[in-house]
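Residue numbers (our numbering), protein chains in the order written: chain A, 1 to 1087; chain B, 1 to 483.
Source of the hints: derived by calculation from the structure; they are not laboratory data.
This one's a predicted model, so the numbers in the text were calculated from it and none came from an experiment.
Errors might be hidden in some of the hints.
[As the list claims (entries may be wrong)] Below, a list of computed lysine-lysine pairs in the BS3-like style, where the Cα atoms sit at most 30 Å apart:
#, chain 1, residue 1, chain 2, residue 2
1, A, Lys783, A, Lys742
2, B, Lys110, A, Lys178
3, A, Lys389, B, Lys107
[Stated by the list, open to error] Derived contacts from chain A toward chain B, CB cut-off under 7 Å, selection only:
#, residue
4, Gly177
5, Gly323
6, Gly408
7, Asn854
8, Val902
9, Thr980
10, Gln981
11, Thr990
12, Glu1052
13, Gln1053
14, Glu1082
Quick reminder that beta carbons are idealized off the backbone N, C-alpha and C, glycines included.
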Amino acid sequence: MPQELKPVSSPWPTSIRISSTGNSSPAESPYSTSNAARFRPAAQGMIAVSQGGFYYSYPSRVDSVPLRSCHRTVTMKIVKLIATISLSLTTLAQAADEEAVQFFEQKIRPVLVQHCYSCHSVEAQAAKKLQGGLYLDSAAGATTGGDTGPALVPGKSGESLLLKALKYDGVEMPPAGKLPDEVIADFAKWIDLGAPDPRTGTAPVKPKREIHIDEGKQWWSFLPLQEVALPDTQRPIDGFIRQAQLANGLKPNPPAGREKLIRRVYFDLIGLPPSPEQVAAFVADTSPQAFETVVDQLLASTAYGERWARHWLDTARFAESGGYEFDGFRPGAYQYRDWVIQSLNSDLPYDQFVRMQLAGDLLEPDNIHAAAATGFLVAGPFPGQITAKTVERIRYDQLDDMLMTIGGSMLGLTLGCARCHEHKYDPIPHQDYYALASTLARTAHGPRTMDINPAVTEQAQTAYQAEHDRLVAALQTFATAQSPARFLDWKSKELDKQPETSRWQALEPINADAERSYLKVLPGGIIAHNGAINPGTEIRRQGQRHSVSAAEEYRFTAQTFQKNVQSLRFDALTDKSLPQRGPGLNGDGSFQLASIKVTARPLDPLVKDPEVVLKLKPVFAAFEDKDQPLAHAADDNPGTAWVVRETAKKDNAAILELETPLPGFAGGTELSVELKFLDQGIGRLRLSLSAEPNPSTWAGDVTPQHLGELRAIVAAFPSEIPESARVPLTRWFAPFDAEAAKVILAVRDHAATTPRPNLSEVYTTIAGGQDVFYLRRGEIENKQDKAQPGFLQVLWRSTEPAQPPTTPTPVDPRVSLAQWMTDPQQGAGPLLARVIANRVWQHHFGTGIVGTPNDFGFQGDAPSHPELLEYLASELVRGGWKLKPLHRLMLLSETYQQSHEVDPENLQLDPTNKYLWHFQTRRLEAETIRDSLLAVGANLDPAMFGPSVLDDTQRRSIYLRVKRSELLPVMTLFDAPEPTQSIGERSVTTVPTQALSMMNSPFVRQQSEKFFARIKPATDAPLTSAINQGYQVAYNRLPTEVERSHMLSFIEQQRAALGPDTPESTEKALIEFCQVLLCLNEFVYID
Amino acid sequence: MFNFYSPSELALPARRRFLQQAGLGFGSLALASMLHNEAAAAPSPVDPLALREPNFPGKVKSIIWLFMTGGPSQVDTWDYKPELQARDGQDLAGSDAQTGFFSTSGKCLKSPFDWKQHGESGSWVSSIFPHLSQHVDKMCFLHSMHLKQNNHAPASIELMCGTNRPGLPALGAWMTYGLGSQNQNLPSYVVLHDTRPRGDDQIWSAGFLPKTYQALALDSRRNETIDNLVRDGKHSDSQQRAQLDLIKQLNQDHAATRPTQADLAARINSYELAYRMQMAAPEALDLKQESEATHKLYGMDQPECATFSRQCLLARRLVERGVRFVQIFAGKGVGGDGSVNDVPWDCHTDVEINHKSCGLHTDQPAAALLADLEARGLLDSTLVIWGGEFGRTSDSQGAKGRDHNPNGFTIWLAGAGVKGGLHYGATDPFGYKAVEKKVHVNDLHATLLKLMGLEHTQLTHRFNGRDFRLTDVGGEVLTEILT
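Same shape as in the complex, but just chain B (with noise of 0.2 Å):
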């Protein structure tokens, strides 16, 4: 069976907590000498961000998710359908009315777009990625993805959380829950993001896991920035290394006699970890020390894609350091009256003029990604996820926009674990609905922690009586994309 703590233990109160402590032969000597001991940086056994043992190895070690908000459409990006194209203006057989989240024509309308085939694998692409078109041969498509909610909000969540029911831990937390963290001194979940997307933290939140697994959420807008992590005012190290050598010493005399209290060795460590934490963030954060070459590599130099660019790169510095799980949202978009949109994708009005956009927007960041990554050899440790929370309909909205739809769309994978140039899975011959397997969220869920080397089943938490998981009562692993 699966070695993992019970999340009671974790949690409260500190008495059971002791059990494991004792079980560990965690007692006040062995507590003793931790404190005095400089390796105290290993994580105390009730670390609730302490490494953990996988169910078996896992093939990846980060994710980065390209979180493409608002919804791309998959006919105007991955999915190419020559039957709509064909088609354009005509009745779409079997457009339902439910679907969207407004209301749709039950029109085709075509991709405004151009599509070539690229790469060995010979994969269609429109012409708004000209920079990913490139690296066609190392994503693993899943055409046939599809879920439930059919608004932004609810979507994310169910995207991110398996369900939709605010309050429930996102994929990044579960995984630090059933993994640990890498780095000490970085949190091992971040989101990246400049305007908000719609259900806001609720889309990364450790829902009934302690906060601890929350994401660490960099907001662009204030250039990324952590919170209190330097003090204002002049103070030297000095200064404060005398301050966090007094406080250590008299925690550890006031631990000394409540040996049963281990959070309070936990809380020790932990000014430790902040003390380094204060290096260790704004050096990974800091894009000065990446080359000219690398700037431009991810387009720095491009006011259109600038933030993005810098976005991936820091994502790319952060798995380099180790941090589990990198989320970056999308935050810009132009609307069909060219005005920016808070939710990018979200081509309600007029597709052409929103993904052209959104494309300038991720294309050349996210296609460098993907070759600084390849060289150097992250990419074989690292999967990289793009996609948003559904897809669009095939069927127009207004004269020359695509409503929601939850129904079929496509999100790739690329890098370790994954076949390349992949297509796994179909929509129908207008791209609106997923019919050949279907790929529901929980379904991917279970095999990206196949990937990181959990069992879906095995990874559970109990709360208000019950034991939830994060496929809920679903999920099976895509074998066949697995290499």
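Isolated chain A, as found in the complex (with noise of 0.2 Å):
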């Protein structure tokens, strides 16, 4: 039965049904499957004919062409039409008239006989020639279209696919060139008349990949989590290792020697090897508890984050640049391999950990670590350059990479794949792909600059802000008290005695603050710049957040009690502190002052006359561009600006009268001046009044306001001095009274120790995006209908709402997104916690229960030991998701402390060790080895944290710097994976180059002679002790006689290369030795 389907507007959150059944209208489910009719432009008002039951508008290819990578947004040849509507057949035979059937056998059959059929026809089918499953040679082949829907819109030229493949518009056929432009015109007049079409026979039905849902669910690894009936053992995981074995015929190895065990927990945990000392403490420790002991201390040690989460830093693709053409560097990126770090340390409940990933910067928008954490989403390979036409496919191979990585790292799911059409094996359909993409469609990426620790900030000013308000009630109180008597007695003896006052008098700020720099005022009333915070930094001011802007402003206060001001002086100084000496703080040293603007008002409160703007007349500036001259900055307009720039690193003053002179209040005046930049300020300035007429020339002694202040008080209160001239008073006599001046000192020095927040940038998730649409094929060039938010179908057990609108504020799409995916109950929780706790395994024991990490799909190995993966990943949730326990079950059980020996028997019936028979042999990564050669030389820099570093320091490897293009040589030699995609797992290669590098690099040969110095001998101590001290610093313990033999001959026949037996070829030969040591596989190799 015809149906009318519509665009479905639901608005987010809303309401999910996972029921294919019908019993949930399309309107109000986005789920079920007949929603995928949203595919559909609303505009067609077309009928769709529903082919029994439910189905997808936009059948997917299950041909032959493999699916190889899932990312060419163009596939050349192969057509790309999309169902865009299903049409009644007879419709258009009724249309049909006779002239048009003419038409279309003079001027249209030809040129598809000639130009399509040989790829598009059933003859080509035969012949395994059939391209995009179109068939072009029949009428209903050509409406029906191929993998990608209709060929023909009839009557819409303009909408026929077929059409703009001939126009060579996205698609180009026929491949081998465009076709006259004649031809085509014709092929438009030919659809727009209908597209009548005589042609009979049936083009054959395409198969197309159904997906069901409800049976997806059944699939073992998305199930809720399983009950499972635990073994009768003291540990559990050994049960289910020893039941497997049993019923394979496998016998259990027995326990480690105790000096491998400290050694392979020491590498597994934190990725170091013991010393000497502690081996030698573990083996003397006969407690039973001496192992949890040891693994308890390693868990609580910092290096253990370190070690763990580069296994993350792998699935998290993590790097530090971005890749493409210039691989910008991200200065702030380091600050999520920090966060991981940090986590894990802290036991960060994995769910927490992976929500914080998701959408920390929403959950915490003032929490830089929160910020850092969100760091994943955008850590992928992003162009750095980009153009308009490439915007858009940018922006999709950006969710790509997001989800992939989610897929990939968090859900072990191969999400990438249904990009482009239905997940080729998984029950992921193509439209859950863009619900999951639109739950991220406000993720874009940048760098943040955020306080490090906003409460300290917080809790310094308000301490400050006391301690301030203390001084000013000192000063207040000394002001009122003191001041007027001991000025009094000053005036009378020697105010006469100083000198006259000058015609500028500089003003003395009373404070001054900024936009984007920290102000101070130096003596001489100097306003400097004392620090800049860059734009965009995210601050709170007058307890508000606050993005801090690009257009400098500086605002500072002053008073005077002069009469008749009559014109302002503007000085911006040069300093050799500033870039190219300034005045201006841009690079090149200019300034751009938009608008200066003085607002007067009473300066005693118990005047109440209205404050006044100062109307300012540009007289002369020292230096200006005749294009942007000093009257920009006065003029009414904030676009333009008095631009300091050809003549910038040369002192510069303006002058600027006052339309109407300024006679002054009664009780004073307060002067607040703001002036407006359109980037960066100056670095020196000073603002000077002068009550002479129009003065002819700047020059001429500036001083400071203090002594024409004091002689405008004594005019104007020739009685008494009123309360509200008293502080400034006190201001002004500072320097002449010691009492006075240490009042004053006291608030002035305190206000330069103003707290600043400690400020940091991040690299992470910044607003921005844009709206999700459904891509047809994954093609830019075919946008649909907006996507609206959602979670993978098969991992959704709720018939209730994803996120119920509780609150009058809708929850932010990445938020539900984060809460669906660490929901045990309804969400994909329980997939989180397997494949989380399979990584444990993993890295604990060499390989997975699930041997393919990143892919819990049907594609994906089954797991070797399911009821033991259950139990784990119930462990975790039930522990409420702390990865410190799982690592303790795990690292407690006697399948982990069981020796690596070979059984021949065990080796006959499982050559593969799946059953755990003995434990696993397995070489060190490239972080651990380096970090091992510097361990053995004891000079590993233990410093955590911060920005990475190169290779020619002695930090832990994971604070190596990655950068995309140029990775380093001694991490990639060792097989440290490109950080472009989620890695669950690294190869392992042996190449000639590895042993170049161990036998030759400087590297190695300066590790091997700090190695030998801490190994060297006493003079009269003999060479077998340094051997043995060799065997225990590099392995752990001591050689056997063979070796001990070997190596004494070795070191001897090196000493006679050397030459003569001197304490010099002794040193040289053992460092020989120490070399050695480094090499063998034993230093490379755990078990």
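Fit chain to chain and form the complex, with the hints in mind.
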């Protein structure tokens, strides 16, 4: 029955129904399969033919074209046509008139035969040459269309993909060359006529891949966590392992020797060898808890996070640059790495660990660590050079990168496979991909500068303010009680002896602040730049979150008692501390002053005169550009500015006249000054005033205002100095009175200690992004309806709304995503738990219970011990998602502590060690090899965290720089992976260049020398003691007799080769010995 | 079906790999005998560089790709367009603002060079190639190359890796992955560069393949030194030999008790290989062994082309020794203002100044390489490729420059397996867009793999749940150009 289907304009969040039985109406369920109709443009208003139940209107190919890469947006030789509608054919037939059919026979059919049939016909299909599942040899074939739907929209050539292809618009058909324009025009005409087509014959029915969500939910990894019967053993892990061993006739290995065991667990948990002392202590500890104690110590060690963060960084494709054209470095990207280390060390519950990486920026907007966590989403390779032509494709590639990484690292799913079509293997419909992508729609990437600890800053500011208030109160008290008398006394004796007041008096600001700078006031009234705040920095101002603007603004206040002020003078001064000596703070020393605004108001609160904005008239500037003169700073246009660029590097001064002289308020005047700049401000500036009429020249002395002010006060208040003037009086009197100076300086000095936020840059998600649209075949050119946020249907177990709108404010889709991902009851929680439990197992035992750690879908390996995995995942969730108890569970098992030895009978039965009858020997990773080399040389720098470093330092390898185009050879040589996609399992290769580096690299040589220094024997000690010590440091054991004698003769031989038997030759021979120890397999293989 | 090991066995973990060894009868006995056998130089079965059977006999053993970094202009090199010459300054019909990276004028810019026909094939060549033009009858020109990306790094990645997505393996990596190495003492995939091209390591990356397949990149500015090939300070050969003997002895003892660990044997072997590489690599890179005449032939005595000539000569020495894929990235160019340009053929401001200079830097050495390979009979098994990441616009950028143009450009192949003097495909009359027999990168790769003996649809690697291949879901072998 025809059914009108319209796009669903469901608000987010909305209901999610998993049933496909039609008991929920499409209008309220974005997840019922019928809702696929949203892929259809509403404007068409066409009829859809339901072919027995619900169907997807974007059938997917399941033909022989292999799924190689799902990311190629355009496949040149496959017609990409998509079903927009299905049409009733009879309607067409009726519409066709005879003339039109003739047109078809003359103009259209020959072209189809000549240019199209070879790839788009029943014959082509028989010859296995059919392309894109499209048949153009029958009317039905053309209208039904190929993999991507109908080629024709009769009557609408503009919407017919066949015509687009002929026009080489996105798709290029025929591939051998574009047809002549007149032929294309014929096709357009024919389609507009309704595409009359007398050809009969039916196009073979295409096989359609159908995804059955309900069946999909029965896949083992998509089920809820199962209760498993626990084996009757002290430790369930051993029970599960033994059961499988018994069933396969295998006998378990004995426990590993204690030296082996402690070496194993050290490398495993902290990635460093134990010291000989630590080994000795463990060997000597006979208590039953000895191993447990070691495990707990290691889990509590900060080195644990440094070791295990690396595993996670592989899955998170972490790097510090954008890759592509210029591989732009992301200076704040390291914060994500630090956050991972910190989170592991503090045993942040894994569900929270996941939520923070998906939506930390939204869950805790002011927390830089939360922002660092979301660095996960945007750590991928993104092009740095973007043109209009590529911007949209790049955006969808970014979304794909995020989804693939979320899928691979957290869910063990290959989500990227559903970008262009239904997932080929897993029950993930194309629409689920876009629903998920849509949760990430508002996710852009970039740097943020934030306060590392706003609470600390706030606390400091409160403390500062309290102290400031106290000092101001003291000043007030002094000013009220003592200043007038002390001043009058001084005045009578000293005032007349003071020099004349000069023409220009520099205002001494009583406070100053700025948008993107810190300012301080120097003696003489100079306002000086005292540190920058980067635009975009997020700080709190007046209790509000504030993003610092790129346009600077200085604000300061001064006071005066002068009457009849006529001119202002503005000095911009150079200083060697400024860029290019300034005076501007821009890189070239320039500044662009857009406006100067001075407001005058009464200082005495009892005087109620209105405030006045001074009208300024530019008179003169020492340096100005004729196109951007001083006048631009005094006009009303905020877009123009007095620009000083060419004449920068010199002191500059400008004079502005007041259109109306400022008479001055009774009781004094307060001047508020606002300077607006187009970019950065001025490094050193000073504002002076003058009561002279229109000074003919700006030259002449500038002196601080205090003498002039004292004289003005005397003139203004012949009898008693009023209360409101006493603080200013104290300030100006301070140069002449030690007691006044004390209270004034106390306030001024304290003001210089204003606490600043501890700012740091973090590379993370930032506001931005665009709506996400469904893309047919994943192509930008085939944009359909706007996608609505949603989750994977196969991992949703509720009939309730996904995110009930309990509050009037809707939940951000990304926050909902984070909650769905970690919801063990209704969301993806069970899968999330299985995937991480498997990873932990994999790193402890060498192979996961599921051998494909990034693929728990239909193509992935089946679990070798399903109940064990269920048990571990359930324990993890039960234990509040904490990983450290999970480590303990595994490490304290007998299975972990068994020896590595190979029993011949077991080997026959289970050559791949699937049933873990022995501990699997394995090679260390690149980072661990380098860290071990530093550890045996005893020169590993234990400093944690911070910006990345190069390998010329002795920091742990996790802190080495990861720049995508310049990966460090010391890492890649030993298989550190390319950080472009989530990596669940590293490859281990063995190539001669590794051997060359161990034999010849200056680094290994240098470490051999440091290693030697550690074991250097006393002059009379036998060589064997050095050999013993070397083995203990490098391998945590003593050499065997055979090894000792081999080494001894080697040392002797080297010593002989090095010349006469001197202490030097012995030393050099021992260094060779040390290097041999580092080259041997035992150094890089752990049993 | 293709006799090919499964990559997961190659990668990890060892216990999976063991299955394969067991299948090959590589038990502990065999291990012991191999360890004590000097012929252990024969690669172990898990050696990722072991020689592997091709799908069918390949006509090409080695490829040398002269990568013309920056994107040479097709209409100023090999694709003669009289129509463009005639309509200088007129509107270019169909000029598309989306083509270039910056913006172009829409006005035809004729080639500033003289064009002449050469060889029996009568192939047109511009005057910037006085030497190469003598070899046109060896060259098979693909005039209809096209790709999607229009900036250097993405286009170079697309050209080498099949699609523009970082993290994919490059052609050279796929070749070694498919065929193994012909000379265990030398790397199989070598890149020779001067200034690093945009995109850096990503252009010659092993991507998700094991790192073993990554190119060894040799920098001409560091005289093509290989890291860690020699130890600093005094260390006599006998000393080192004694050290290696001891390492071998003790490693064998260690491996004997860990019979399931095949990579232990590989690692023992790798020290021996490293030892031999210490001799083999300097020998291969030692140009002093070449005669004066050869030096002169390549133009080593001329400052303009000294670097490129050294790289070409090195390439010849490397393929002589079995290296499978050598790629030279042309590293010097001159910009419109006469300054040295780090992206050589990138003639945004002045095609005449830039291309003349690029020709001067590369023409003679490239021609010498063809002549030398032919004289030594190596051209029967070696394929030389000339081309960059895209072409240029037929309309001008500014007054005299040309912008990027990925929609039509020329690459030529010369040597084993391809028809000389053939012109395949064509651009439109202005050289702006490929229109006839268009060749996408995937098609080129399919063809190159075919020449090496590999069926491109069967060379796959599973990564994160998918089987990837170099040619993605495309690729058609250009059978018409094959001999």
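Here is what the structure says about each hint:
1. Between the alpha carbons of lysine 783 of chain A and lysine 742 of chain A the distance comes to roughly 73 Å, so the proposed pair goes past 30 Å and is violated.
2. The suggested pairing of lysine 110 of chain B with lysine 178 of chain A holds, with an alpha-carbon distance near 25 Å, which does not exceed 30 Å.
3. For the given pair, lysine 389 of chain A sits about 21 Å from lysine 107 of chain B by alpha-carbon distance, which is consistent with the 30 Å threshold.
4. For glycine 177 of chain A, the suggested interface contact is upheld, since its CB lies about 5 Å from the closest CB of chain B, less than 7 Å.
5. Taking 7 Å as the C-beta cut-off, the interface hint given for glycine 323 of chain A holds, the closest approach to chain B being about 5 Å.
6. Here the hint on glycine 408 of chain A is kept, as its CB sits about 6 Å from the closest CB of chain B, short of 7 Å.
7. For asparagine 854 of chain A, the shortest C-beta to C-beta distance to chain B is roughly 5 Å, which falls under 7 Å, so the interface hint holds.
8. Taking 7 Å as the C-beta cut-off, the interface hint given for valine 902 of chain A holds, the closest approach to chain B being about 6 Å.
9. For threonine 980 of chain A, the shortest C-beta to C-beta distance to chain B is roughly 3 Å, which falls under 7 Å, so the interface hint holds.
10. A hinted interface residue such as glutamine 981 of chain A counts as satisfied when its beta carbon comes closer than 7 Å to some beta carbon of chain B; here the least separation is about 5 Å, so the hint holds.
11. Nearest Cβ of chain B to the Cβ of threonine 990 of chain A: about 4 Å, under the 7 Å cut. The hint holds.
12. Evaluation of the glutamate 1052 of chain A hint against chain B yields a violated restraint, the C-beta minimum of about 11 Å exceeding 7 Å.
13. Using the Cβ-Cβ criterion of 7 Å, the hint placing glutamine 1053 of chain A at the interface with chain B is satisfied: the shortest such distance is roughly 6 Å.
14. Restraint check, glutamate 1082 of chain A versus chain B: the minimum CB separation of about 5 Å is within 7 Å; hint holds.
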